[in-house]
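Okay, here's what each chain looks like letter by letter:
Number of protein chains: 2
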Amino acid sequence: MLRVLRTVAEMKRSAAEERARGRVVALVPTMGAFHEGHLSLMRAARRENDIVVVSIFVNPAQFGPREDYKTYPRDFDGDVSKAGELGVDIVYAPSEQEMYPQGYETFVAADRTGQILCGKSRPGHFRGVLTVVLKLFTAVNPHRAYFGEKDYQQLSLIRRMVSDFHLDVEVVAMPTVREPDGLAASSRNAYLSQEARQSALGLSKALFRARKLVEEGERDALALRRQIVSWLEEDRRLAVDYVALCHPETLEEVRRIDKAVVILLAAEVDGTRLIDNLRAAL
Amino acid sequence: MLRVLRTVAEMKRSAAEERARGRVVALVPTMGAFHEGHLSLMRAARRENDIVVVSIFVNPAQFGPREDYKTYPRDFDGDVSKAGELGVDIVYAPSEQEMYPQGYETFVAADRTGQILCGKSRPGHFRGVLTVVLKLFTAVNPHRAYFGEKDYQQLSLIRRMVSDFHLDVEVVAMPTVREPDGLAASSRNAYLSQEARQSALGLSKALFRARKLVEEGERDALALRRQIVSWLEEDRRLAVDYVALCHPETLEEVRRIDKAVVILLAAEVDGTRLIDNLRAAL
Chain A
1 MLRVLRTVAE
11 MKRSAAEERA
21 RGRVVALVPT
31 MGAFHEGHLS
41 LMRAARREND
51 IVVVSIFVNP
61 AQFGPREDYK
71 TYPRDFDGDV
81 SKAGELGVDI
91 VYAPSEQEMY
101 PQGYETFVAA
111 DRTGQILCGK
121 SRPGHFRGVL
131 TVVLKLFTAV
141 NPHRAYFGEK
151 DYQQLSLIRR
161 MVSDFHLDVE
171 VVAMPTVREP
181 DGLAASSRNA
191 YLSQEARQSA
201 LGLSKALFRA
211 RKLVEEGERD
221 ALALRRQIVS
231 WLEEDRRLAV
241 DYVALCHPET
251 LEEVRRIDKA
261 VVILLAAEVD
271 GTRLIDNLRA
281 AL
Chain B
1 MLRVLRTVAE
11 MKRSAAEERA
21 RGRVVALVPT
31 MGAFHEGHLS
41 LMRAARREND
51 IVVVSIFVNP
61 AQFGPREDYK
71 TYPRDFDGDV
81 SKAGELGVDI
91 VYAPSEQEMY
101 PQGYETFVAA
111 DRTGQILCGK
121 SRPGHFRGVL
131 TVVLKLFTAV
141 NPHRAYFGEK
151 DYQQLSLIRR
161 MVSDFHLDVE
171 VVAMPTVREP
181 DGLAASSRNA
191 YLSQEARQSA
201 LGLSKALFRA
211 RKLVEEGERD
221 ALALRRQIVS
231 WLEEDRRLAV
241 DYVALCHPET
251 LEEVRRIDKA
261 VVILLAAEVD
271 GTRLIDNLRA
281 AL
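Residue numbers (our numbering), protein chains in the order written: chain A, 1 to 282; chain B, 1 to 282.
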């Protein structure tokens with residue numbers, strides 16, 4: 001029977017009870033507006049654990065002042081109903097006041113990996129992400145937490161936080177879920193007009209083409225990066241933010257592709273910021 | 001029997017075992033070079049808990065690049081011997097490599113209260129403090145943690161972190177321990193020449209004089225602040241960093257003294273930075 005919990009105190013109490021009974025607890029942190037990516041995380045959590053907690057919290061701390069916090073898609077009733085169908089035990093949906101009460105001032109941030117790629121274009125974004133994830137971890141105290149590889153840099157930073165702070169959480173990464181045509185599932189896809197959605201396809205197409213070139217022997221990361229940018233810039237609806245070929249663990253940019261890399265990119269499509277990434281092995 | 005533990009893994013295991021046996025665990029975080037202030041924390045922890053863990057770690061992250069990390073007083077064998085005499089159960093003394101391994105990059109910082117007073121003069125100082133305290137908390141997972149009121153702003157920031165991050169730790173504050181002549185106990189007092197030590201006395205003297213004025217009816221915080229600065233500036237060895245009259249919980253500076261305040265100050269005495277504070281009630 002699905003329960004909806006709204007406070008840190010209730011969440012802590014419930015999680016502690018389950019732990020005391022020897023149950024393995026999983027957390028799937030989300031901002032709601034569930035798409036297939038979220039559902040794949042919940043299904044994996046359901047398979048692998050006794051108790052599944054899904055948090056739904058549109059986290060103001062991870063949006064910039066000119067970003068889409070106010071208009072971010074919200075569908076709480078629909079989300080709860082989907083979670084129920086998948087056998088989720090607890091939806092944890094704290095209020096903004098519960099998470100960031102008057103006088104709130106403590107944040108988690110990452111130096112190096114927090115400042116590159118999306119961290120460069122969205123100052124404060126990962127500070128908000130790491131802070132809310134730490135707070136979800138302390139409220140739920142999960143054995144495992146599930147994140148999508150779609151947000152690759154976020155995943156990398158969360159792994160780093162868990163290791164740096166010695167947190168007892170196993171971070172489980174699930175592959176990016178794509179539409180049949182290749183577009184990565186994202187709550188922000190809802191913003192796209194039909195034309196923009198067609199343009200957005202250019203992102204995943206460029207990634208798959210680039211991976212093919214790596215498989216065929218391309219070793220010059222800078223040349224490949226330029227190639228990807230030029231493919232993207234063929235479409236005037238696309239404004240490229242960054243394209244980067246990085247070490248899959250450290251996220252440091254590489255010059256030579258002499259082992260597996262992850263290709264990451266971000267672009268605006270008619271004002272909607274989209275990200276995607278793909279791993280390429282030799 | 002006192003044990004010395006050097007790794008996060010050993011510390012976690014030992015603390016978890018004690019917790020599983022129903023023992024109440026206390027943590028006294030220190031940078032070593034024990035003085036009476038540290039000993040008073042250990043005595044209180046010993047009285048009020050089953051297991052007392054004292055951490056000794058000179059935390060590089062809380063020193064600025066031109067500060068005294070390298071020369072900070074260290075006396076590990078002496079410290080362990082004192083801890084043993086006081087009945088401490090575990091000395092937790094991780095290495096720098098254990099706490100900040102290659103690639104470390106995740107930090108805790110506080111916005112408002114982290115940026116004022118000592119936070120203004122020592123950029124990054126409280127980021128280092130909060131980060132190491134969080135890491136000590138996750139390694140030891142204590143029921144209670146003991147801090148001295150001498151580091152009043154630090155104490156305030158740690159309380160705030162515990163509340164902001166929903167940590168299950170009771171923060172216990174112990175009064176500042178003073179030498180018979182009033183000087184607040186500090187590891188950095190060891191740096192003072194005989195003349196400088198005499199000048200250092202001016203700090204606590206100014207605080208006690210100021211408290212007396214408040215008790216006698218002074219209500220104008222700005223005038224009292226100016227008065228304290230002028231007392232301190234009479235001594236040419238003292239270089240005042242700040243004097244502030246603040247709300248005891250929020251640390252916001254007050255203009256009118258219409259309820260209890262805490263008077264905080266920092267000054268350099270012949271190049272040694274000292275801080276002190278005193279609460280003044282009407």
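Don't take every hint at face value.
It does not matter which identical chain is used: a pair holds within one copy or between any two.
[Unchecked claim] No farther apart than 20 angstroms at their CA atoms in a straight line, the calculated lysine to aspartate or glutamate pairs in the EDC-like style are these:
1) Lys259 - Glu105
2) Lys12 - Glu170
3) Lys120 - Asp77
4) Lys70 - Glu48
5) Lys12 - Asp168
Just so you know, the hints here were simulated from the structure itself, not pulled from any lab data.
Requested in this report: Hint by hint, work out which the structure violates, then give me just those numbers in ascending order.
Outcome: 1, 3 and 4
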